[in-house]
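Residue numbers (the working numbering), protein chains in the order written: chain A, 1 to 483; chain B, 1 to 510.
Careful, some of the hints might be misleading.
Here are the simulated lysine to aspartate or glutamate pairs, DMTMM-like style, with alpha carbons at most 25 Å apart [said to hold, decoys possible]:
id	chain 1	residue 1	chain 2	residue 2
1	A	K437	B	E112
2	A	K159	A	E352
3	A	K437	B	E362
4	B	K27	A	D441
Negatives, chain B to chain A, calculated, CB over 12 Å [stated by the list, open to error]:
id	residue
5	D55
6	K158
7	F443
8	I469
9	A502
In case anyone wonders, no lab produced these hints; they're calculated from the structure.
Fair warning: this is a prediction, and the values are worked out from it, not measured in the lab.
For each residue, glycine too, the CB sits at the ideal point set by N, CA and C.
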Amino acid sequence: MNFAVINTEIFILALGLFAVVMDLILPRNESHKSIGAVLIFSLTAWLLYMFTMYTGPFDPTLGFMSPDRYFTKTLYIVDNYALFFKQLFIVAVIFTMLFASDYVQSVLRYKGEFYAILMLALLGMCVLASANDFLTLFIGLELMTISFYILVGARMSSKDSSEAAVKYLIVGSVSTAVMLYGISLVYGSVGSIQFFEVCRNPHLFYPTGIVGITLIMVGFFFKLSIIPFHMWAPDVYQGAPTPVTALLAMGSKAAGIAAFMRALYVAFPMLGMYWLPILSFLAAICMVFGNIMAIKQRDVKRMLAYSSIAQAGYMMVGIIAADVAGMKAVMFYAMLYVFANVGAFAVLSVVEAKKGSTSHDAMSGLSQSAPVLAAVMTISLLSMAGIPPTAGFAGKLYLFTAVVDQGYLWLAFVGFVMSMISVYYYLLVAKAMYLGKGDGDKWVISGAMRAAVVLSVVATILFGVWPEKLAELTNLAASTFLQ
Amino acid sequence: MASFPLLTSVLLAPIAAAILLCFVSAKSVQSVRVICATAMSVGLLLTVYAFFSYDLSAGGMQFVEDVPWIKDLGVHYALGVDGISLPMLLLTELIGLAAVFSSWSIEKRPKEFYILLMILIAGVTGTFIARDLFIFLLCYEVVVIPIYIMVIIWGSTKRVSKEYAGMKLTIYLLMGSAFMLVGVVALYLQAFPPEMRTFDMQALAQAAAMGHFSEGFQIFAFFLLLLGFGSLLSMFPFHSWSPDGYAGAPTAVSMIHAGVLKKIGGYGLIRLGLLVLPLGAKFWGPLIAGLAMINVMYAAYIALAQHDLKYVIGYSSVSHMGYVLLGFAALNVVSISGAVANMVAHGVMSALFFAMIGYVYERTHMRSVKELRGLAHQMPRVATGFMLAGMASLGLPGLIGFMPEFTIFVGSFSVYPVFAVVAIAGIIFTALYTLRMLAKILFGPRDSRFDKFEDAKGVAMMPLIILGIALVGFGIFPQLLMGMVGSGTEQLLPLLDRIADAPAFLGGVR
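With the hints as extra help, turn the sequences into a complete structure.
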């Protein structure tokens with residue numbers, strides 16, 4: 001039991017409990033923004049501290065099982081890969097809290113709980129990134145997903161929110177059941193749930209093992225909203241409170257990817273012949289249909305839901321490459337996707353709070369009432385589409401160079417063509433914002449919101465023009481993972 | 001002066017102006033305009049200095065800058081100009097400054113307009129001075145989105161709505177660039193083993209010389225690049241965005257788009273297509289020549305039937321790009337020099353055309369050949385501009401258009417005699433539609449409807465002066481342009497010799 005290794009998780013849990021206690025102490029009529037402020041500051045400090053935890057390139061003298069990276073045997077691993085994803089989740093949560101503080105204060109009835117449950121969701125994501133056996137993975141997944149069921153339904157007065165929560169609960173439970181069944185089949189065929197032992201066992205090639213792996217993958221596909229397991233995404237995205245939607249799109253998805261990659265590469269590397277064709281087929285399907293279905297949407301949140309399906313497809317492309325370059329690309333892309341999502345959803349949360357809707361009509365004239373927000377929205381959407389000088393371009397270049405290097409030129413074709421098609425529906429939003437007539441009044445934007453959008457856009461452009469540092473970090477994380 | 005980062009300054013001038021504009025109040029319109037004009041003047045002066053201090057005898061890349069940028073991808077912030085890119089850079093700066101002056105009287109949200117215009121100019125500038133493929137792509141795609149926003153806000157709706165025009169323009173160019181990106185990625189991966197990969201175009205060209213690209217690969221990759229650059233250059237059958245797009249776009253965007261942006265296609269074909277994938281260029285040469293002929297004839301024929309001035313010039317630019325493609329396809333030093341010079345010539349004249357049309361349209365809100373007549377009575381200066389551009393367009397000796405076209409014909413005749421003859425015959429059509437248009441709108445009896453409109457003066461004269469000087473200057477002293485271009489294309493000689501006997505599409509039809 002090496003508790004020093006899981007200090008991040010302990011810290012986050014403590015913050016969550018702190019939020020609960022603060023909620024009790026604060027008088028009912030006092031603003032709960034202070035809880036958010038404390039959490040933001042502590043998490044930012046911890047985020048910076050985490051940079052010191054990275055270990056250098058693999059040192060053969062220490063051996064493969066250097067004990068200081070494990071918590072209780074090999075169940076729980078904190079390597080550079082896990083650290084990077086944890087930092088990503090923390091960044092996502094910090095930004096979400098930054099731009100959500102007004103939203104929470106004005107829209108939600110239970111404000112303190114929002115922060116507490118947010119911390120638990122974050123804890124779940126962190127566990128997912130570190131999980132090195134199937135049961136730990138399952139615990140992390142459940143912790144994250146159950147927290148999200150509650151967060152999705154946090155807008156008590158809204159029917160859409162409740163509907164979304166119930167839908168998410170049902171679909172989520174089914175996928176959990178499917179995955180659990182898969183895990184049990186894998187356990188049945190190899191007699192272990194630890195990744196290191198599963199990968200060595202030849203019984204995995206028996207039909208039960210194959211079925212088990214398929215079911216586990218299906219469970220992940222549900223979480224990542226990969227077509228054909230995507231039906232829940234549009235409704236849930238649209239109904240959930242905007243900050244929660246943002247976190248679903250960037251945090252939950254990245255956590256799923258983190259665990260998925262570890263499971264595939266550590267537990268099932270021998271079966272690459274089996275899952276690579278499936279993944280490449282589904283990635284292409286996601287990129288094609290996610291983008292095509294997004295074209296028809298007239299609600300921006302719903303459109304972003306379909307676009308997130310396409311984005312999952314792009315990230316799968318990196319997984320298919322199955323080498324250091326591919327992993328690096330996935331991590332790079334997941335990180336820039338956080339910044340793009342923050343920009344887009346922060347603007348949407350303002351629009352939703354002012355106009356009560358996020359349709360194209362509600363967006364119209366935004367360039368006049370809030371020029372900064374319109375610019376942020378445009379840049380963030382372009383980053384999702386992969387147009388330079390935003391980070392999306394660099395990210396796509398990393399992804400597709402990795403996969404073309406492995407011989408999948410056709411995937412790069414599909415990816416580039418579909419991402420150019422995606423520009424069409426992103427530009428429709430820009431058109432609404434820049435062409436439509438505003439109602440003439442200038443919107444007042446709070447300091448926290450301003451900080452969130454400006455920081456996200458600066459990051460988006462910085463990593464687009466000069467991705468050096470982020471690339472180095474992801475390279476370190478990826479190259480030490482696949483030793 | 002040796003270490004002064006001249007090209008960076010040229011690139012940063014518009015970017016600095018754009019950033020500065022963010023902090024200027026939207027109400028102080030005059031400061032907004034002056035800042036942009038100053039930035040572009042600085043850029044132009046530096047470029048002119050570079051143009052005249054470029055060492056012709058030494059040739060090659062000069063004013064080079066090189067800073068390692070992204071190590072794991074092998075990207076360098078590498079700038080430099082040679083005899084091919086320096087004329088294009090000069091063209092960009094000329095048209096950029098002229099575009100700033102032609103947008104002087106924009107009243108609708110001028111600050112945003114100028115910010116986008118500056119980003120657009122910076123993007124175009126970057127593509128011509130980049131020696132690194134990554135920087136090239138970055139700058140190339142940067143320009144697409146400002147154009148879209150500028151078209152839908154400040155554009156004009158006539159035959160097609162401006163929203164339609166903007167979206168068509170954007171999607172066409174982006175789809176082209178999608179194919180190009182696939183080609184570039186394949187190229188990048190094929191050139192060197194993992195640890196040595198680089199986006200440096202010179203290194204990629206060396207990789208080609210060392211035989212890292214098989215012939216089949218070159219043919220495949222060049223085709224992808226041809227789709228991308230060809231649609232940008234409005235090569236048939238990917239040309240239809242061009243007239244619609246120009247018609248919907250505001251004056252400054254039409255000027256920059258027709259004047260320089262389109263030329264990125266031709267420039268890219270030479271810089272990337274020919275230098276890195278010579279066997280591919282050789283293979284597809286006959287196809288390009290055939291399409292070039294269709295471009296020349298078909299577009300000129302359509303231009304005959306147009307009434308909207310912007311459509312006439314739009315189709316005329318498609319037709320002129322046919323000459324550029326023909327010059328490229330012939331793959332010899334003379335014809336390629338002609339192609340490069342023709343890009344410059346067409347850039348200047350089409351920008352002048354659009355500036356004049358913009359001026360007339362802004363005043364009269366008419367741009368149809370059927371409505372406008374006898375403008376020379378009321379607007380003699382504008383008429384001069386129209387005449388200069390029109391005469392250059394049909395290749396009158398003494399103006400910029402003559403030498404390049406002549407050079408292309410000389411160069412391409414020996415390779416594709418049939419195509420060249422047909423393309424030369426296209427000049428007849430060009431003369432026909434240009435003269436018909438000019439005669440109708442400029443000459444004839446005085447029409448009192450236009451009495452209330454003023455002739456261009458003051459700032460509105462600036463585009464005419466700037467572009468007119470280039471038009472006449474390079475016409476009277478063609479050696480200024482041709483010498484510069486020649487010093488660039490001479491370096492292609494060994495390369496072109498090497499591929500002289502390489503196989504070509506359909507056995508190299510003539």
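Hint by hint, here is what the structure shows:
Annotation: proposed proximity of A:K437 to B:E112 holds, straight-line Cα distance about 16 Å (limit 25 Å). At most 25 Å may separate the alpha-carbon atoms for a hinted pair to count; A:K159 and A:E352 meet this at roughly 15 Å. Proximity of A:K437 to B:E362 is assessed by CA-CA distance (about 23 Å); at most 25 Å being required, the pair is judged to hold. This hinted pair checks out: B:K27 and A:D441 have alpha carbons roughly 17 Å apart, not beyond 25 Å.
Every CB of chain A lies more than 12 Å from the CB of B:D55, the least distance being 32 Å, so the non-interface label holds. A cut-off of 12 Å between C-beta atoms confirms that B:K158 is not in contact with chain A; the least separation is 18 Å. Every CB of chain A lies more than 12 Å from the CB of B:F443, the least distance being 40 Å, so the non-interface label holds. The beta carbon of B:I469 is kept farther than 12 Å from every beta carbon of chain A, the shortest such distance being approximately 34 Å.
Separation of B:A502 from chain A is adequate, the least Cβ-Cβ distance of about 24 Å exceeding the 12 Å criterion.
Going through the hint list in order, the structure satisfies each hint without exception.
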